[in-house]
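Chemist: With the hints as a guide, dock the two chains, each given alone in a separate frame, to form the complex.
The lines below spell out each chain.
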Amino acid sequence: MASSSPSSSCSSMEKINFRTKVLSRHLNHDPTGDKPFLQCSPCLSYTPPELSEPNSFFDVKLMRKLMDGHNIEDRDWLYNLIVQSKLFNPQEKGGKIFVLPDYNQSMEQQREMTMKRIEYLLDNGVFQGWLTRKGPEAELRKFAFLDVVGIFDHSLAIKIGVHFFLWGGAIQFFGTKRHHDKWLKDTEDYVVKGCFSMTELGHGSNVRGIETITTYDSNTREFIINTPCESAQKYWIGGAANHATHTIVFSQLNINGRNQGVHAFIAQIRDANGNICPNIRIADCGHKIGLNGVDNGRLWFDNVRIPRENLLNSVADVSPDGQYLSAIKDPDQRFAAFLAPLTSGRVTIAVSAIYQSKIGLAIAIRYSLTRRAFSVTPSGPEVLLLDYPSHQRRLLPLLAKTYAMSFGANYLKTLYVKRAPALIKTIHIVSSGFKAALTWHNMRTLQECREACGGQGMKTENRVGHLKGEYDVQSTFEGDNNVLMQQVSKALLAEYVAAKKRNKPFEGLGLEHMNKPSPVIPSQLTSTVMRSIDFEHDMLCLRERDLLNRFASEISQRQAQGESKEHAFVMSYQLAEDLGRAFSDRAIFQTFVDAETTVTDATLKSILGLLRSMYALVTLEEDSAFLRYGYLSVDNAAAVRKEVAKLCRELRPHALSLVSSFGIPDAFLSPIAFNWLETNSWSSAQR
Amino acid sequence: MAPVTPTSSETDLILVEEKSSARVWVLNRPKQLNALNFPMVSRLLDLFLETEKDLSIKLIVLKGIGRAFCAGGDVANVVRDISQGNWRLGAHFFRTEFTLNYLIATYSKPQVSILNGIVMGGGAGVSIHGRFRVATENSVFAMPETALGLFPDIGASYFLSKLPGFLGEYVGLTGARLDGAEMLATGLATHFVPAQRISSLEEALYKANSSDLGIISSIISGFSQVPTLKEKSFYHRLTIINKSFSRRTVEDIISTLEREAAGSNDDWILSTIQSLKKASPTSLKISLRSIREGRLQGVGKCLVREYRMVCHVMRGEMSKDFFEGCRAILLDKDRNPKWQPSKLELVSDKMVDRYFSKVDEDDWEDLELPPRSNLPHHAIAKL
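Chain order of the listed sequences is A and B.
Mapping of the first sequence onto my numbering: residues 1 to 687, in sequence order.
Mapping of the second sequence onto my numbering: residues 1 to 383, in sequence order.
Chain B with its partners taken away, still in its complex shape (with noise of 0.2 Å):
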């Protein structure tokens, strides 16, 4: 991939706009689909601190310009980075990214995130751990990094793992898409308001010069509409996700999922099926495993654990699956990823406790988080 000159002034990636009491951050990088890259979350970083600290300041507003909220952290950079010698680059970014998503997990103002269009991967960190997500019936919603040779990252384990039954683990492991309705039953959004309504909800916030929950919470649900549920949604197979995405391990998931399979023709099933072979062995297994220690943990403790994880994934000690990913997906395009070790019973217990494990390093040292006051429940706990 050419190296990416910088065309505009790098402030630029993230507009903000001054509305009453409320601020507007708008993700402005529309063709590569507002994907993060490193000045965009190091920006959006400064002014979730600034704002912080301003006491006239009731309300945030994050969007996307174009068909995509965000697609996600830009991944291709990161591996640019890394495959010209130093993986630290990468940790930078990712400690960065972070960073971030923990201080809008722990944020004293609300969050409105429009979510109308894309949200993937890094897109998902920077909304989902905030206060109202609105989906509209443009919403695509998907974590995909299976298919990449990643993980779920970004706090993903954390917010996951708190879906109803194990939808987490269907959505972590498949990437599987889901829409705007989706979005809603599932929990990942707050509210669903319809595209054409958006701008008169936003002018709504505005007006409120308000930071209270309950006030900005009635004025979404003053626009918001109950979606329905397309006829092929996962959300009508509920109990076969429980039954088999709640197994041990990914082996028994996926003989589960065969043996509901050859009892019917149901597509959806074969097709959930496809998507976990095709998935990168490796990442099915330290994903699953991230999820079910994310159920048990806080989201700073969840984030602490993907940053090893992270880190662990750029050394490619135990698998180099994550760049074949980027190659496969999206360098080369030619999505036919080759994985190594090329199976689910190759990635021993021993390897995948390696991802969880202190990088052995001198100089590396695990996530920290910056200091919260009044930190809420759900970024503590114990393990």
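Next comes chain A alone, as it looks inside the complex (with noise of 0.2 Å):
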């Protein structure tokens, strides 16, 4: 070995000095620099949330595995490897260790931290079994993995996302044997670095109207794809602008003068040295509100040439001959079966939306516990932020949102990972109205945490603030939020047309209350009834039930004045848009009730309670569909508006086990989470 020279024992010993130094400081507060107490301090002083705050009431460890759902060794272990590497830029403050990436080198920095730290989880296996691994367990294992790594950084998880779930799971859904053979162990180890151009300059949502060219030449059995205009270019290809050797194309597939629809393909990008293939051409996409760490990029193909194989022709195949074959011979069909599997996407960002919020309310309701702000009495101590009613009101229903949507997650994580031909169209509409419902809470959610640590949440060392950059694209990318709604809308009334016109009863998406008669709501509520189960569901059911009967009676009218259904769709964005949010706010809150019912722990059980019971009647608080269609009286909805505010006050004691609940470690949050006094010395400030 090459510590038996003398010279690497020298530069050992300046290990050991840089490391004792190191060490001193990290075992200890550093001993040369401030005084660690702060008693001789004439103004203020930090105490820790975990000593102001009664004990917790129910077992934070119990409630976590709810939370978190699986795989918690797993996580904890990922979380390790990333805490104990330089690579994850640890930096220490007010005595404690943070990891977060140093969103201040610049973009091209950034993208390379970013694979560096891609080969440093490869080296220490994460990534084992991601593609060649089979079933729900390891799919699980990989989703909780992705849950880590994106609680670290938007634009690592991204990148490893393009290269799993896009590139690798187009390999394996679109794919057949021979592709799996081929690419995907070698995808796993990062021999080939993988991209997916699907969306161009002028089509994103709209897939089909994508404008990239493939013809077929059968002299040399090669496919030839183009660019034949400048709206064609593939845009926002995530690991084209650096890193990808290999690419997905998205195309129409022209064949014979036939334009058989979009197919996609394999095709090389660059070669193993990281220079561009011949007829590509590639330009970066610039600087982003976020996601610097991706090194998204815009692709033009000239004639390029691919071996027929390189169709994923799992759906259609192309023969030597230049023979077009399907057995689906509807091109809209063809489309719709082969775009089923790639919901992955729309999982992993719902899921990951979610961890967003975690984090974000973590850090904004452990500030409010030790953060003071004005006296309420002459010379009195002035008031925590959270014991003010309006801050609770703030934070506390979105933390109760934040449960809720958890469950959802887990659930729609579930729903994933059993997929069965008979779940696809569940999983296609659940996983729309959560990717649009958990994202645009996210986004609320962190506003509003930014707002709550005040000048604090601005310091991109903080987080809040600076996630909102990183996860603003959630909703937009894999389906914009707005389309994706429409979406579920459309589905579910595809499913009432269904159920009338074979008159059958509603069956599946949680539509079975459908069937039954409509909820009759007391003309007085109670806090008895308003906190139980069935109230919240029988008025979520209702609003539903309205929207969807009313939203099914616009289009038909629309229709008989002989409007196209396409237009009818398109006028009635206004119901479609409440129906979308009815039925995600029920079916969550139906992921929550089973959850809560699998509980046995007393404890638990009473605190999910109040947080359901938050969770749905800030829902009726906040949809003005309630009122506007008259499902909830004036008097009622003043019931509930009341309910809501003594909901928060009871819940305003539990909201710091209920944060650490969430199981993120603690250098996975911020400094103004933990003794902001110290961080911001002067003392601090020397080192």
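Keep in mind that the hints were calculated from the coordinates and are not lab data.
These numbers were taken from a predicted model, which means no experiment stands behind them.
The C-beta atom is built at its ideal place from N, Cα and C for all residues, glycine as well.
Honestly, I wouldn't trust all of these hints.
[As the list claims (entries may be wrong)] Counterexamples of contact, computed for chain B against chain A with all Cβ distances above 12 Å:
hint	residue
1	R197
2	L288
3	I291
4	K301
[To be verified] Pairs of lysine to any residue residues, derived as SDA-like cross-links and limited to a Cα-Cα distance of at most 20 Å, are as follows:
hint	chain 1	residue 1	chain 2	residue 2
5	A	K504	A	F569
6	B	K243	A	L121
7	A	K65	B	R354
8	A	K116	A	Q128
9	A	K61	B	V26
10	B	K243	A	Q128
11	A	K65	B	M351
12	B	K277	B	D267
13	A	K61	B	E368
14	B	K58	B	V26
Modeler: Here you go:
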């Protein structure tokens, strides 16, 4: 070993000196630096919320298990792996170590760091089995790791996601054995680096309209890919600008002058040394409001020739002599069958959105339990932020919603890993609705948390504000949220029409309540009623069924007046929007109730009851549809509002343990979640 | 083992010296390498509690008589208590010891531990959590619990997990011995002072008459030296250590080491594999899990968890390796323990989980830590 040579022991002496310095600071506070205690301070002191708040009423570890849902130990292992490596930019602030990418680096530096972090995770076996192991267990492990990676940095999660879920997923789902054998193992080992060219400058959510064209040359048995115009350039292709060697290309397939619709191909864009291949042009998408650690690029194809085998041929193929072959005759159906497996993107986005809300809330709530402002009595102590009812009303309903959506996200994950042909429709609808609901909720939560942290929320090191830029894109990629919600409404309408036409009961998607008579809401609401699952469920179902009825009748009226179905949809956007939300809210509520009923621990159950009621009642309070269509009387709406305030008071003592139960290690939160006085002291500034 | 008859007053086991505003506490049980028995642990706890209230005392120096600082908790005694029928006696010992560890970790006055000899197990518990740890060329540090059928306790899951990279897993699972230079390099020691300068260092500390961490640190630095790492030190193998001990399971760690061993004839890898194979499989698995959880927790939560674990170990429901290990290493000294379960693959995740759950007995309670004012960060964490 090299260690036996004298020169290396010399350099290891330097290492020791360095380490000694680092570690004495690491294990202790820097003894030469600040005074560790604040008694000499004439002003404020910091008291950790763990000391000032009551002991947890419930078992935090048990709640964490429920929240994370699966692979707890795997998660902790990966947190360990991240915290222990210098690549993840550990910084000491106020006596604690925090890991966070250096967002002050240039875009190019951030991209290189992302790639280095991927290599580290690869070397440590994090990606083992991501594409070569099958079954729910392997998939849940993969999801757990992606959750953890995303808690560190969105860019890292996206770059990994593009490579495994989009490039790898396309090969798995659109390809056949020959593709699996050739690519999956190499992808898992990063021998090839994949990207996914679907979106174009001129077409995003409307994939069917893309303009890239592929033809077939039966003489050479090759496909020829072309970018016919500027609007056909591939856009936002993650990984394309710097690192990817291969891409999936979505393109119209033109065989013998006939367009067969959108198909997916494999094309190489760089050689192993990173040189761009002939007939490929690549440009950068430039600096972005977030995700600067991802190298998004633009691609043009100039008569790029690829072997016939590179067509991903799970639903359609082209024979060597150029005949188009497919079991599915209708191009629309072919397209739908083709894209169905790509829901994994929406699943992971929804899940990661809710983890970001957890980070935001954990930071803002911990801060609100240590930061004071204004006294209510002359010369009295200033009041803790979270002791203001207004501050509770800002954060605690969002906390309850985050709990609810966390159960929704866990349900979505299990639904996805159990996927079977019979579940494809459900997965499509639920993942669309939840992706939109959870990502919108996240942006709203982060904004509220940023404001709740005041000026401290502006600092990048405190995460909350920065996360807004990082996660804004979630409402756009893998399907624009508004478009997805319209798809949910359309799908619900299809269920409605099918049920009425065949005179059969509704089945699936939780729509069974449509088969029963319309629920009757008590004219006077008491606290007990409002906190009952039955009432809450009835209210959410009432809104969904009424909106679905209204939507169906508006569409059929418009069609009766001679409008096309498509036009009728476009014009009924108001109801469509309300209905999409009503479905998602009710479905999320259902997952909450399901989770709650599996819990046997009495204290856990009672706290979940409070959260569930808060989720339901705040939904009633916030959506004007309840008043607009009269599901709630004016008096009842007032009662609901009062009850929300009451629930805020009741949840207040549990705020700390509820955010602790999110299970996000301290190192992944931020300095204002801990001793922000010490973090900001003069002696800290001298280091 | 013959019952120990108290020969001297139990208070003599800890000698107390007053040196101006400093207090010097000397572990005085040299024949047993200053192993901590119950009277010593509870005496130390009293001393720490009393001293905290005494504003005239500014500094604590802890050291040992003879060739050991402290070779650990008096495990043989504990095992005898348990085998006489009541594991609760053992629980009482550990509860007191862990409370002491917590007090030291959150102590308001600086503590300088002079580690001029053997520092193992419980000895680490009364020193490493303190502010200053002075190693010498005589220092030998180890956490040998996995060879005893136990696991690194006394809050070791906290400080081991804070070592660079995955050294904590290495040190905790293999029971590797560290010398003074290695202790300094890993951060277990804050200073290295040659043994012959120790008495002058002590004199200087007593004269300082100060609680100021900067002043004390610079005094010790004045006597410090940068030691030389041995050529064979594990510190030259950080790459392999990180590569293997970062793995998710004990099985993966061993197979990674074996793969490394196949490509080289490095004795160090072979002996590392050897020590893992000789250790109790149950101990290895619960130790790894404990260190991994420790990385995300404060020292308080670590001790609470370790207390749960140690109670399960003593009750022997899943495995009786602790008794077997003590028999083979401490009592019969045949050094040939028969572990049960005998192989790693026979220790299921479910069994491991049980060690981390509450003990299902009526009047059993989790370790209750004393309330501390001005709790430092490292004492707190969420999970």
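Chemist: Give a verdict on every hint.
Modeler: Okay, the hints, checked on the actual structure:
With a minimum CB-CB distance of about 18 Å to chain A, B/R197 clears the 12 Å threshold, and the non-interface call stands. With a least CB separation of 10 Å from chain A, B/L288 falls inside the 12 Å interface cut-off, contrary to its annotation. For B/I291, the condition that its CB be more than 12 Å from all CB atoms of chain A is violated, with the nearest at approximately 9 Å. Distance check for B/K301 against chain A: the nearest CB is about 10 Å away, which does not clear 12 Å, and the non-interface claim fails.
For the suggested pair A/K504 and A/F569, the alpha carbons sit about 24 Å apart, so the restraint of at most 20 Å is broken. Restraint check: the Cα-Cα separation between B/K243 and A/L121 comes to about 11 Å, which is no more than 20 Å; the hinted pair holds. In summary, the hint linking A/K65 to B/R354 is supported, as the alpha carbons are separated by about 15 Å, within the 20 Å threshold. Taken as a hint, the A/K116 and A/Q128 pair is honoured in the structure, with Cα atoms around 17 Å apart against an allowance of 20 Å.
About 40 Å separates the Cα atoms of A/K61 and B/V26, which puts this hinted pair outside 20 Å; it is violated. Of the pairs offered as hints, the one joining B/K243 and A/Q128 holds, with about 15 Å between alpha carbons and a cut-off of 20 Å not exceeded. Restraint check: the Cα-Cα separation between A/K65 and B/M351 comes to about 18 Å, which is no more than 20 Å; the hinted pair holds. Simply put, B/K277 and B/D267 have alpha-carbon atoms about 15 Å apart, close enough for the 20 Å limit, and the pair holds.
As the CA atoms of A/K61 and B/E368 are separated by approximately 17 Å, the hinted pair is consistent with the 20 Å bound. For a cut-off of 20 Å, the pair hint linking B/K58 to B/V26 stands: about 17 Å separates their Cα positions.
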